[in-house]
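Enquirer: For reference, the chains in residue letters:
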Amino acid sequence: MAWGVVIPDVVAGLFLGAFFALVAVGYSMVYGILRLINFAHGDFYMVAAFVSYSLLAMVTVGTHLNWGNVIWVGLVTMVAAGALAVCVERLVYRPMRRAAVLSLMIAALGVSQVLENGVLNTPGWGSNYLAYPVTPPSNGFNVASVHYTWTQLAIVIAAAVLIFAVYWIVNHTMLGTAMRAVAQDRVAATLMGIKTDRVISLVFFIGGALAGAAAVMASLYYGQINYLMGFSIGLQAFTAAVLGGIGNVAGAALGGLLLGVLESVGTGLFGSQWALLFAFGALVLTLWLRPTGLLGERVGNRV
Amino acid sequence: MGLLEVKELSLRFGGLDALSEVSLEVPNESLFAVIGPNGAGKTSFFNCLTGYYRPTAGSVWFDGIDVTRCPAHEVAALGVRRTFQNVRLFPRLSARENVLVGAHLRASASLLGILVGTPRMRRRERQLAEEAESWLAYVGLGAQAHVLAADLPYGMRKRLEVARALMGRPRALLLDEPAAGVSTVERDELADVIRKTWRSGVTVVMIEHDVELVMKLANWVAVLDGGRLLVQGPPEAVRNDPRVIEAYLGRRQR
Amino acid sequence: MPLAPGEPIVPSSAAPPFQPPAHRRLHPGAPVAAAALIVAVVFPSVVQSNYVTSVGMQAEILMCLALGLNFVVGYAGMLDLGFAAFFAIGAYTTGLLSVDAHWPVLATLPPAVLAALIGAVFIGFPTLRLRSDYLAVITLGFGEIIQNVVNNLSQTGGPEGVYGIPALSLGGFTITTTTGYYEVFLVLTVLFVAANYRVRRSRLGRAWLSIREDEDTAQAMGIKVRRYKLYAYMAGSVLGSLTGSLYGPALIAIAPPSFGFNESLLVVMAVAIGGMGSIWGALLGAGVVVAFPEVFRQFAAARLLVFGLLLVVLMVLRPKGVWPETGLGLRRGRRCGRGSWASGWLRPRRRGPDQLVEVEPTEGDVPVGEEVEL
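Chains as they are written, first to last, in my numbering: chain A, 902 to 1204; chain B, 3 to 256; chain C, 265 to 638.
Derived by calculation from the structure, the hints in this document are not laboratory data. By construction, the Cβ of each residue, glycine as well, lies at the ideal position given by its N, Cα and C atoms. Some clues are possibly wrong.
Going by beta-carbon spacing under 10 Å, a handful of chain C positions derived as facing chain B [unchecked claim]:
| no. | residue |
| --- | --- |
| 1 | Pro295 |
| 2 | Val296 |
| 3 | Val463 |
| 4 | Ala482 |
| 5 | Ile487 |
| 6 | Gly541 |
| 7 | Val586 |
| 8 | Pro588 |
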């Protein structure tokens, strides 16, 4: 097997991984703080993509890409996605704090259905694949005879900056300490004076915002959006989070990159219809052989 | 060799030594009490005995068999049953069903029997049901057979746990603070149950803070403090041992 | 050594007599079940509509699947989000064997069940020891993989699936009408109900329930938890696959879209809506899940949206489902809820420090919904 064939896949995988990482970090943080696999997280991503689509469609003339527009739309989308996440947390998960895990998951699935069908039924959106209003320019640079655009580079850098910012907040600020405290022992955190409800909402906001950023970037990159795009990214992001070690930011990011590469190389070798199979194969193997993930907390039982 | 024995048992959590080189022997058919201040490692001791925790070092023996690395269900199969400090019943099962689970290892298991309801299966189930009812009556819960465990008041839940343990016809019954949080009246009833059980030949090991209960029931006492075995002996001797007094009350300030 | 109870202890008269809450009914009893069965049997002749009968058949199919999932989710307490995988295994095994190898449908049932069992062990063995949330995603993945596989392999007909599946023949009778298959699935439903009922009252059922309630304590009773979890998964797979095997002949053709996450989700919803662990709940939930889109057919695509909303509302207000095995709870008196938004409108909000603990609403005389503040 000529390595030259694989390298472009690896690099493409790193781009893919950047999106996974962004969504995975959000997923992982929510799981860390509430022990909830938020099945609706992928749908926050999807709704964000549609919101950004409509915003950009409003301000874009033809398909001329104005970076200023893209940036402010991106920021607005992040805030909107974060707000959506907080709404869901307040309305659905908070009242169910003491319910069984099963009921919580079903509620999350219900939210997912509401979001997906909501988008499906919104006039102007619907079930078709929608072409993103702007296409990023394809000028760029070449490395080893493969062409990479400046846009791709910008996306990767933006993702890295965001993830690093979150990492820094979680690990080097009082707020982050509060988050980690709430994640480990909610009652004790309250006794210390931490407003746990607010911290939890904030975590949801950050998770949603990251998903929103990922949505804008991915929409730019792939050029189209669809109301079911949240489902697969949700699963893949969760896989990435577990792969890297759920509950921590660095792990989720690393897991995202790794999964992106794995999927990309795998589908390059065997065909794109097996993409999900790779993701799940990775998940099952990780949980079987190394449940801690690469960097994370212990999973499973005691003795 | 006693029915239960531990040799140099140590259990370490991160930086904390829950148990340090504890060696003791529980004689067969004794009523053995384990006492000590809070945090002394008593429940950890039970957890190692029953296979819930794997000790960091040392060994656990039941009737001459090394059970140190055995999972909980195997230790249970050998004839060890326990109750828990914070009463772990199956909340959404009725009292009767909770007790029936205690007989899991004795109930009939054939799939055909379950699906079709063979006479043999029905007979076995009936026998077990009758036995469960009698155990419930034994602990004074005869009228509550169909009440969900979650609906029972605390004292009754403690007694239900004992009934469930006894249904397993154990050779060793480990009771973790059976009298915690119960009224004086209930405590005396519980003491009756424990004494009766012991008299029928079950080796009882009891973690307890209630000194009166220990004095009344036990024929041998071991004191743990800070994860170590401090002293062991007959109840009166232990009670008056200065080391024990110091462990509970602290050293006299000069 | 013999251990016999001896004479019972009489609780002292000093303690007040204990008043348990009104005995929670676990099931409405045989007369209602018999009546329901009679209604179900004559249903097609009463409605005289092929369409309505086929909806009834769909409801029965979902009931069968829900009863299978009930072993896994309801009894053993493990969340399975990929149950459609077993449905698919049954349907495709029967479909392929009867179409390609010309086996009579009945003869395909054993291999289908065997295939499902193999799948259950293959996936279950390494993963059932995991925490329920991880297990949920793994089972979801399994469902996705199976759907992916049958969609992509030419041997399974690819995206078009398998068509021309022969009719089921029992004894001399070949069943070809919708009503006929309605009755077939009715029989299957009754059999599955009976299986659930009997298992619930057996050692196996008690073992599963105790695992659901408290795994560690169950193990302390001598129950081999890992093994029993696998048994639950296997039991569910058998029921799912049997349902799938008869699905093909009923519909003559099967295709990958019927076996995806949405379908798994429907089964989970049926069990959750109806009430986890309860047989009547599973039947009720399946009925609701099938009936709902039909009743609201005029809203077309929006009905799924409404359904999702109702599901969320239901879970928030009644997490245990409509009719869980702990009973309908109708006699509990006015409940103030646990801080849900519905109750928030009924009670004035109190300003103050973050709530520390909410007192768990209990039956009896403890005031409900009080919040404790530090």
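Enquirer: A separate judgement is required for each hint: does it hold in the structure or not?
Expert: Right, here's what the structure says about each hint:
no.	hint	verdict
1	Pro295	violated (20 Å)
2	Val296	violated (20 Å)
3	Val463	holds (6 Å)
4	Ala482	holds (7 Å)
5	Ile487	holds (5 Å)
6	Gly541	holds (8 Å)
7	Val586	violated (17 Å)
8	Pro588	holds (9 Å)
Hint compliance for this structure: hints 1, 2, 7 are not met, and every other hint is.
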